[in-house]
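Asks: Below, each chain spelled out in residue letters.
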Amino acid sequence: MDLFSHLNWYKSNNQQQQQQDDNNSKPSIPVGKLIVLTDTLQAEGSFIIHHLLQASSKQSDSGVCLLALNQSFYHYNSVGRKLGYNLQNENAKNKFSFINGMSSSPYSWIDRLHAQQMEEEGVEEEPTLDNISKGFQPFPITRLLNNQPTFSQFLQHIYTLFTQDHQKRLNYNPLSQTTFIIDNINILNTFNNLSNNNQQNQNNNNNNRNNYNLDILNLIQYLHSYVNDNQNCSIVVLFHSDCNDDDTFFKLLQYESDITIMVNSLQTGYSKDIDGQISFLQKNQTNHSLDIIQPIHYKVLDNQIKFFALGSRMQ
Amino acid sequence: MSVNKPTTFTRKQPAAAAGGQSSSSSPITPSANKLPGGCKLSLQNGNLLTSTGLGDLDDILGGGIPIGSILMVEEDINSSFYMFLLKYFLAEGITQHHGVFFSSLIGHDAFDILNKLPARMTRQEELDADTEEQSNQRKQHGGSGGNSGSDDLKIAWRYQNYIDAENAKKASGATQQQNQSSPFCHAYDFTRKMNIQSIDPNHLHTLSYTSQTQSESSSPYRSLYMELQQLVQKYNQSASQGGPINESTKILRLALQSFASPLWSNDEEGVIEFLHSLKGLLRSSVSVCVITVPTYIYSESFVKKISHMCDTVVSINSFSGMGSTPEAFQEYLGMFTVKKIARLNTLAPSFNPDMLSFVFKMRRRTMAIEKISLQPEFSRSGDSSSSDQQDKTKSKKEDIVSKMKSGSGLLCGAGGPKSQIGSSPLDF
Chain A
1 MDLFSHLNWY KSNNQQQQQQ DDNNSKPSIP VGKLIVLTDT LQAEGSFIIH
51 HLLQASSKQS DSGVCLLALN QSFYHYNSVG RKLGYNLQNE NAKNKFSFIN
101 GMSSSPYSWI DRLHAQQMEE EGVEEEPTLD NISKGFQPFP ITRLLNNQPT
151 FSQFLQHIYT LFTQDHQKRL NYNPLSQTTF IIDNINILNT FNNLSNNNQQ
201 NQNNNNNNRN NYNLDILNLI QYLHSYVNDN QNCSIVVLFH SDCNDDDTFF
251 KLLQYESDIT IMVNSLQTGY SKDIDGQISF LQKNQTNHSL DIIQPIHYKV
301 LDNQIKFFAL GSRMQ
Chain B
1001 MSVNKPTTFT RKQPAAAAGG QSSSSSPITP SANKLPGGCK LSLQNGNLLT
1051 STGLGDLDDI LGGGIPIGSI LMVEEDINSS FYMFLLKYFL AEGITQHHGV
1101 FFSSLIGHDA FDILNKLPAR MTRQEELDAD TEEQSNQRKQ HGGSGGNSGS
1151 DDLKIAWRYQ NYIDAENAKK ASGATQQQNQ SSPFCHAYDF TRKMNIQSID
1201 PNHLHTLSYT SQTQSESSSP YRSLYMELQQ LVQKYNQSAS QGGPINESTK
1251 ILRLALQSFA SPLWSNDEEG VIEFLHSLKG LLRSSVSVCV ITVPTYIYSE
1301 SFVKKISHMC DTVVSINSFS GMGSTPEAFQ EYLGMFTVKK IARLNTLAPS
1351 FNPDMLSFVF KMRRRTMAIE KISLQPEFSR SGDSSSSDQQ DKTKSKKEDI
1401 VSKMKSGSGL LCGAGGPKSQ IGSSPLDF
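In the order they appear, the protein sequences are chains A and B.
The opening residue of the first sequence carries number 1 in my numbering; numbering runs sequentially from there.
The opening residue of the second sequence carries number 1001 in my numbering; numbering runs sequentially from there.
Bear in mind the hints are in silico, worked out from the structure with no lab data behind them.
Be careful, since some hints might not be right.
To be verified - Covered stretches of chain A, as calculated for chain B (at least 3 residues, CB under 8 Å):
id, segment
1, 1-7
2, 78-86
3, 127-135
4, 178-190
5, 296-303
The beta carbon of each residue, even a glycine, is placed where N, CA and C say it ideally should be.
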């Protein structure tokens, strides 16, 4: 049992063939959907992202564009090697692109203050970075840099990065499917701290701080309608649901998404044998109601993820 | 030994001895040679780990802190046991000749802390402390103290050989460890101060704040980050000059006391921004960071936000700060809880503990974090019964109590705790 069989996420090359022969269908991420992944501190949901990357690597015509704000590329790469896919090869095959939003100083104030620091010390030339500071870069990685004047423009920039990547992949292979993954959208909020510009802007910013969630929601809506129009891509976002005092944003996300995958720790507390429970909330396409799908338990091991029905024994 | 008539049963003693000698001259395997000082590879996932300075904590965290990660310690209320953890971390850095950075964000003078680090205990002292501790415990428990100076077993006397063998093994293990050039984690004695002469000033970095420097820049977190970036990159630079990571690589330990304290800066968004950029910085570096956060002054959701940005989160809480000590944990000082387990370069959590809550106590010289274990009900009530009651009945009951102590407590527990005073030898 895995996530794809539980949610019946299958795709075959030929629609008629699918009915005749179930074996021919392959697990794949559904297209045109917004998939929201929520987790908590006790039960981290990032393993599902690795699970999706694994499924995508098994298909020749599906690609992933990953905006990583929470982990370095080295992390995704070494987990991938344990799970049996190689992100470097995937990238060479034009199936995987990585946008680094963490370990490449994504904030413009870092660059600005760094320049200032060097000026004070009287260093003219930028010293070349040593191998360790450069980080793990087996291929040129797009760097996310927040040098936009406003937060919404910054989010637009992310939108453009995604759509450009999608178009590039379509040019390469017109039949390809793309999944956009954002890990995770909580960190996007921190880019809203634009006090680097000027005092006035900062004051405005403080007034608008309550609206920042709406900016992010707008981005997600834009992406959602983009994937809906194209029907050959989908969007997956990870969200920590326990970080906000009021859960309006969480509810709005659930309302907007086609399927919400909620990763939670066990209500009975920590257990060594089961990591937590995954519950699902799926939008019914016919009458637009929200259906609850049977929850499942999971256990993350070093090189595989085990999903199993409630009450069943882990195989 | 006669080697004139070699049979199949002849031991090749001389040859083996010679081989042993030659191999003992190079006991260190080449793979162990490559690691920087004070580091080891994780057994579970191959991450490079460094010690927290406290062996118990290392065991709980799956061997140590992974290089490139942030460990967050939630500070305790009304006491400052978190300082012990921080001091262990700093002391270990100095003993291992790592680079050490310390900054207190609530205005303590950095050298106030650094001059009062615990002194290193040698292996022999450590053992002495252990035995001292054991004999203390025996004295506290009164009954069995008198008749068993050594580890004599009365009821399960058949296991006496086993215990003797274990003790011998422990002693020989100690001497072996002494012979090893550099252990992973040292022991420290809080009754003595570390010799300040042993600190290498070139690798000790501090940062203190005056109100002047704060007003200069827009956000203090940003200027703190810039300082750290410069330092971390300096260590990266020197580490990468010697080719790949090897023995001579210097690890940098960053310690921030009372991070995110509102007294230092009121900028809550800046905290998250700082941690995000720090995490990015540390991921490609030879550094490791410990921050202590006074989480009890913040709302739960903000604490969660901070915790999500850190890799491992632990909290320490004293019973005195929580209100009262539970009856069962009289000998302990408080709770130690693991709140978040790092996932660094691994799919599964970096370590998979049996439980997340522990208890800690202060021994005379050191801190100890132990698993929660409830003693058998009968023997526990025996421990907590007042001493004068025991004194009255001591002469009569000494034997009985010692028998109870050695494990038969549950069997005769049917009479309830109070029956201990009035119990007669016929109960057995």
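Asks: Look at each hint and say if it fits the structure.
Replies: Going down the list of hints, with the structure as the test:
no.	hint	result
1	1-7	violated (count 0)
2	78-86	holds (count 4)
3	127-135	holds (count 7)
4	178-190	holds (count 4)
5	296-303	holds (count 4)
Violated hint for the displayed structure: number 1, the only one.
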